[in-house]
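Chemist: One-letter residues, chain by chain:
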Amino acid sequence: MEDAIISVRNLHKWYSGVHALKGVSLDLKRGEALGLVGDNGAGKSTLINILSGVHTADEGEILVEGRPVRIARPRDAMNLGIETIYQYNSMVPTMSIARNLFIGREPTLFSVFGVGILDQKKMGSESIKAIANVDLHLRSPDALVGELSGGQRQGVAIARAMHFKSKVMILDEPTNHLSVKETSKVIGFVRGLKAQGVTGVFISHNMHHVFDCCDRVVAMARGEVVLDKRIEETSIDEVHNVL
Amino acid sequence: MKRLFKTYLEKPELAGLILLVLLVVIFEIRSNGVFLNQDNLRGILGILPETGLVAIGVTILMISGEFDLSVGSVFALMPMCMAVLMVEGVPFPLALLAGLVVCAVIGFINGYVTIWFEIPSFITTLGMLFIARSLTIVVSGGFPPLLPADLPNWLFTSFVGPGNMFRMSFLWFAGIALLTSLMLSRTNFGNWIKATGGFHPAAASMGIPTARVKLACFVLCSMLSGFAGMLQVLRLGSPLPSIGEGLELQAVASAVIGGASLAGGIGTVAGGIIGTILIRIIDNGLVLSNVDANWFKFAIGFLTIFAVVANAWMRKRAKAIKMEG
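These protein sequence lines are chains A and B, in that order.
Taking the UniProt record's numbering, I'd label the letters of the first sequence as residues 1 to 243.
Taking the UniProt record's numbering, I'd label the letters of the second sequence as residues 1 to 325.
Rather than coming from a laboratory, the hints here were simulated on the basis of the structure.
All C-beta atoms, glycine included, are put in the ideal place defined by N, C-alpha and C.
It is possible that some hints are incorrect.
[Stated by the list, open to error] Here are the computed lysine-lysine pairs in the BS3-like style, where the Cα-Cα straight-line distance is at most 30 Å:
| hint | chain 1 | residue 1 | chain 2 | residue 2 |
| --- | --- | --- | --- | --- |
| 1 | B | Lys-6 | B | Lys-319 |
| 2 | A | Lys-129 | B | Lys-319 |
| 3 | A | Lys-122 | B | Lys-6 |
| 4 | B | Lys-316 | B | Lys-11 |
| 5 | B | Lys-2 | B | Lys-316 |
| 6 | A | Lys-122 | B | Lys-319 |
| 7 | B | Lys-297 | B | Lys-11 |
| 8 | B | Lys-2 | A | Lys-122 |
| 9 | B | Lys-6 | A | Lys-121 |
| 10 | A | Lys-185 | A | Lys-229 |
| 11 | B | Lys-6 | A | Lys-185 |
| 12 | A | Lys-121 | B | Lys-11 |
| 13 | A | Lys-185 | A | Lys-129 |
| 14 | A | Lys-129 | A | Lys-29 |
| 15 | B | Lys-319 | A | Lys-121 |
| 16 | A | Lys-167 | A | Lys-194 |
| 17 | A | Lys-165 | A | Lys-122 |
| 18 | B | Lys-6 | A | Lys-181 |
| 19 | A | Lys-181 | B | Lys-319 |
| 20 | B | Lys-316 | A | Lys-121 |
| 21 | A | Lys-185 | A | Lys-29 |
| 22 | B | Lys-2 | A | Lys-121 |
| 23 | B | Lys-316 | A | Lys-185 |
| 24 | B | Lys-316 | A | Lys-181 |
| 25 | A | Lys-185 | B | Lys-319 |
| 26 | B | Lys-2 | A | Lys-129 |
| 27 | B | Lys-11 | A | Lys-122 |
| 28 | A | Lys-129 | B | Lys-11 |
| 29 | A | Lys-194 | A | Lys-122 |
| 30 | A | Lys-129 | B | Lys-6 |
| 31 | A | Lys-167 | A | Lys-122 |
[As the list claims (entries may be wrong)] Partial chain A-side listing against chain B, Cβ under 8 Å, derived:
| hint | residue |
| --- | --- |
| 32 | Arg-75 |
| 33 | Tyr-86 |
| 34 | Val-92 |
| 35 | Val-115 |
| 36 | Glu-147 |
Whenever a hint applies, use it, and build me the whole structure from the sequences.
Modeler: Here's what the structure looks like:
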């Protein structure tokens, strides 16, 4: 498929004897919002961890924009434009918003062997812009992330991914532990991805959330893809039945 | 105004700083003005660099989320290695270099074992505490070697400055404190240290080489401790194998009094230094105030607990101050 931004072919992964992924193949089309659903242990997280460089596949192939790639580290994924927002929150609560936005990719005034003086002015002004771009209203980029609500934190994480011009944003159960109001905010973020030309992968236990903001739904069970349909061609009941 | 108040309440070293000012005033009154006179300050400033450098290393390592109990033993081992080498005719600069390499290797082993075998650093470095102390005595052969006469004391221990106020060691200390403080607050590496200790999964998922960051902190901590030990040996003029005993816990106390969190992620170099100064002036001030010197450890213990409780309370207060928007 020529318009696939990411294709995975026949991915296998074993965890100390457990066959967690049994030959998963999937095409992710440019600009679509894909909902990935499945029970615990179905292999969703394993697939996502492989795409984001946390784990590597034992077998199989990953193509980004048609080219075979190797994703051995989180940094490799980021360099390919794949950004992941985790359920446990990818923010350091004891650090400020501005510092969190640039973790691992800090702008420096000059550097020697990758270590250098932070460009704090740039970090401040760019984080204000990045936060405003996702329609998040926060008083100051110097506030500690630990003081933000769960929804605001996910908003900052999404702002970070946007700021670094990611092409594919993977949201791993971003609505867990969030209030109803905050959840709808995060779902709003996911809907907003499309407008910005970002491809989204939205992982959730909650079928309603997926049907609320995705174009296509992929269901996984026991390490395999068991359903792959466009939202309008399927229903919550059908997805439930295959799980 | 409210913003300013909140910002200051959030500073981890604030509790230590307030205690420091209070104690200085109390000791100055209780000692009838002896405490802040030039001779006494000179005495305090002469010893401060030795424990202060250790505290800086321990504080930075704690911010990265790890712990080092072997600093007191490394404090003794490094100058002992140097002394033995110099007795064999090795010139001072080479011996210094060799000593620092020994420290770096110990720090590397501490870090490597902790990270790759996923052992709590408390255990790894507790083991290293015994190993390094034992090596110190083995290397010395039971008899502390005599230091050669032509040591570069002018570079490390001589008194300098207005009224001969400081030893050279203080300038080393001030320089290293400034550099490490800037490293922590102004460089991307400092950002990585705080992120690694603050929330490891987030740091790792953002592509920070957390293992290497921690390893660097272990090595830095050991090297600072060894260097501090050398300063003490040059001041005393003899490499005793027993120096630095109990220093590891004093250093942790310094870091904690200065606001560093045992859980990692929170703390400053300035805080660690404030903690060290507090301990030093209590040591000194109790004597000048005619208090039985055996109360020293009581005071340190009380202060450690009190500072942590005060810090936790202030952080809670700061959080409770809601800002508009």
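Chemist: So, for every hint listed, does it hold in this structure?
Modeler: Hints versus structure:
1. At roughly 8 Å between alpha-carbon atoms, Lys-6/B and Lys-319/B fall within 30 Å of each other, so this suggested pair holds.
2. Pair hint Lys-129/A plus Lys-319/B holds up; C-alpha atoms about 25 Å apart against a cutoff of 30 Å.
3. Only pairs whose Cα atoms come within 30 Å are accepted, and Lys-122/A paired with Lys-6/B is accepted, the gap being roughly 24 Å.
4. A C-alpha spacing of about 12 Å is found between Lys-316/B and Lys-11/B, which places the hinted pair at or below 30 Å, so the restraint holds.
5. Proximity of Lys-2/B to Lys-316/B is assessed by CA-CA distance (about 15 Å); at most 30 Å being required, the pair is judged to hold.
6. Annotation: proposed proximity of Lys-122/A to Lys-319/B holds, straight-line Cα distance about 27 Å (limit 30 Å).
7. About 27 Å separates the Cα atoms of Lys-297/B and Lys-11/B, which keeps this hinted pair within 30 Å; it holds.
8. Between the alpha carbons of Lys-2/B and Lys-122/A the distance comes to roughly 26 Å, so the proposed pair stays at or under 30 Å and holds.
9. Annotation: proposed proximity of Lys-6/B to Lys-121/A holds, straight-line Cα distance about 22 Å (limit 30 Å).
10. Restraint check for Lys-185/A and Lys-229/A: satisfied, since their Cα atoms lie roughly 26 Å apart, inside the 30 Å limit.
11. Taken as a hint, the Lys-6/B and Lys-185/A pair is honoured in the structure, with Cα atoms around 29 Å apart against an allowance of 30 Å.
12. Between Lys-121/A and Lys-11/B the CA atoms are separated by roughly 21 Å; this keeps the pair inside 30 Å, and the hint holds.
13. Annotation: proposed proximity of Lys-185/A to Lys-129/A holds, straight-line Cα distance about 19 Å (limit 30 Å).
14. For the proposed pair Lys-129/A and Lys-29/A, the alpha carbon gap of about 29 Å is at most 30 Å, so the pair holds.
15. Taking the CA atoms of Lys-319/B and Lys-121/A, the gap is about 25 Å. The hint holds against a cut of 30 Å.
16. A C-alpha spacing of about 11 Å is found between Lys-167/A and Lys-194/A, which places the hinted pair at or below 30 Å, so the restraint holds.
17. Among the hinted pairs, Lys-165/A with Lys-122/A is consistent with the structure: their alpha-carbon atoms are about 17 Å apart, no more than 30 Å.
18. For the proposed pair Lys-6/B and Lys-181/A, the alpha carbon gap of about 28 Å is at most 30 Å, so the pair holds.
19. Distance check on the hinted pair: Lys-181/A and Lys-319/B sit about 23 Å apart at the alpha-carbon level, within 30 Å; holds.
20. Between Lys-316/B and Lys-121/A the alpha-carbon distance is near 29 Å, which keeps this suggested pair within the 30 Å criterion.
21. The suggested pairing of Lys-185/A with Lys-29/A holds, with an alpha-carbon distance near 25 Å, which does not exceed 30 Å.
22. At most 30 Å may separate the alpha-carbon atoms for a hinted pair to count; Lys-2/B and Lys-121/A meet this at roughly 23 Å.
23. Straight-line distance between C-alpha atoms of Lys-316/B and Lys-185/A comes to about 28 Å, which keeps the hinted pair within the 30 Å bound.
24. Distance hint between Lys-316/B and Lys-181/A is fulfilled; the C-alpha atoms sit about 26 Å from each other, no more than 30 Å.
25. For the suggested pair Lys-185/A and Lys-319/B, the alpha carbons sit about 24 Å apart, so the restraint of at most 30 Å is met.
26. Distance hint between Lys-2/B and Lys-129/A is fulfilled; the C-alpha atoms sit about 25 Å from each other, no more than 30 Å.
27. Of the pairs offered as hints, the one joining Lys-11/B and Lys-122/A holds, with about 23 Å between alpha carbons and a cut-off of 30 Å not exceeded.
28. At roughly 27 Å between alpha-carbon atoms, Lys-129/A and Lys-11/B fall within 30 Å of each other, so this suggested pair holds.
29. Of the pairs offered as hints, the one joining Lys-194/A and Lys-122/A holds, with about 28 Å between alpha carbons and a cut-off of 30 Å not exceeded.
30. Between Lys-129/A and Lys-6/B, the direct Cα distance comes to roughly 24 Å. Compliance with the 30 Å bound is thereby established for this hinted pair.
31. At roughly 23 Å between alpha-carbon atoms, Lys-167/A and Lys-122/A fall within 30 Å of each other, so this suggested pair holds.
32. A least Cβ separation of about 4 Å between Arg-75/A and chain B falls short of the 8 Å threshold, and the interface hint therefore holds.
33. Proximity of Tyr-86/A to chain B holds as hinted, the smallest CB-CB distance being about 6 Å (cut-off 8 Å).
34. Against a cut-off of 8 Å between C-beta atoms, the interface hint on Val-92/A holds, since the closest Cβ of chain B lies about 4 Å away.
35. Given hint, Val-115/A at the interface with chain B, holds; its Cβ is 5 Å from that chain's nearest Cβ, closer than 8 Å.
36. Given the 8 Å rule on beta carbons, the hint for Glu-147/A holds: about 6 Å separates it from the nearest Cβ of chain B.
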